[in-house]
Amino acid sequence: MTKTYFRDKERNYEPIIKATIINPINKKSAEIEMVIDTGFQGGVLIPLKTYAELGLYLLEEPKIMGITATGTRIELRRAKAILEINGYTIDCTVYTTIGVTRSLLGREVLKTLGLCYKPPEKLLVNI
Amino acid sequence: MNWLDQYKKKRTIAIKNFDEEIYRLVKTFASLEGRTVSSIFEEAVKEWLSRRRNYEEILLWNKLEKAYEENMHALMKSIIIKRKEKGYVLVCNGKVIGTYNKYEELIEEARKKCKGPGLIVKIPYEEESIDLGLPW
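Chains as they are written, first to last, in this note's numbering: chain A, 13 to 139; chain B, 2 to 137.
It is worth saying that the hints were derived from the structure and are not from the lab. Think of the CB as a built atom: it goes at the ideal place given N, C-alpha and C, for glycine as much as any other residue. Be careful, since some hints might not be right.
As the list claims (entries may be wrong) - Derived, one-sided and incomplete: chain B residues facing chain A with beta-carbon distance under 10 Å:
1. Trp62
2. Leu76
3. Tyr104
4. Ala111
5. Cys115
6. Glu128
Taking the hints into account, I'd like the entire structure generated from these sequences.
Here you go:
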């Protein structure tokens, strides 16, 4: 099964990764398709419904203030979870808040796994 | 019963500047139907809420919020948070369960003792912020 791919056409090579989030307390898990977002500092951002279904509220950390690129401050709930990507497992922080419709995979996970966002074709400019 | 459904409490509220004619109508209907005024207001407000775009999500958030606030309140009034030592504090069901040096020890204890929402706090406790990038 493809675990990572780029969604093209109107999405401009949107980087997608499939990963499984596991709650370490009750072992509940869910496979989720996430957009790799290098603008997101945290681990994984998921919709509130998914967060609740996984039972991540069973052991949360204190809420944290998220700051968007437009300066808006948003209160985030967060909990530690296990993230499984293609057989590799790592500990990561899962975040949620009201209004999240798409799941994001942020820099915390990219850094831990040594992943980087690589465009699929050769670069058109020298940078 | 799911813990999410256990926070049903009644409270007394006062509403300023409410339209008197509407109130009188509600009272008359309540009398005719053998109901209380509050049950009619509850029904009307519930219907209004159910038409909100993200009603289910806000409902879920509020339920989680209630449990979180109880745990946070218990943590803040405990003396543990004021100490300068390092480690983790476990709070469940509005009670501080204990402090632990290792995260793994805390997880084991949480599995045994926490039946509802729990909170794990790294001490010394500091408020943090995080870059979200663009709104999703």
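Hint check results:
Taken as an interface hint, Trp62(B) checks out: its beta carbon lies about 5 Å from the nearest beta carbon of chain A, inside 10 Å. For Leu76(B), the suggested interface contact is upheld, since its CB lies about 8 Å from the closest CB of chain A, less than 10 Å. Of the supplied interface hints, the one on Tyr104(B) holds, with its beta-carbon coming within about 8 Å of a beta-carbon of chain A, less than 10 Å. For Ala111(B), the interface hint holds, the least distance from its beta-carbon to any beta-carbon of chain A being 5 Å, beneath 10 Å.
Interface hint at Cys115(B): satisfied, since its Cβ lies 6 Å from the closest Cβ of chain A, which is below the 10 Å cut-off. Checking Glu128(B) against chain A: minimum C-beta separation of about 8 Å stays under 10 Å; hint holds.
The structure shown violates none of the earlier numbered hints.
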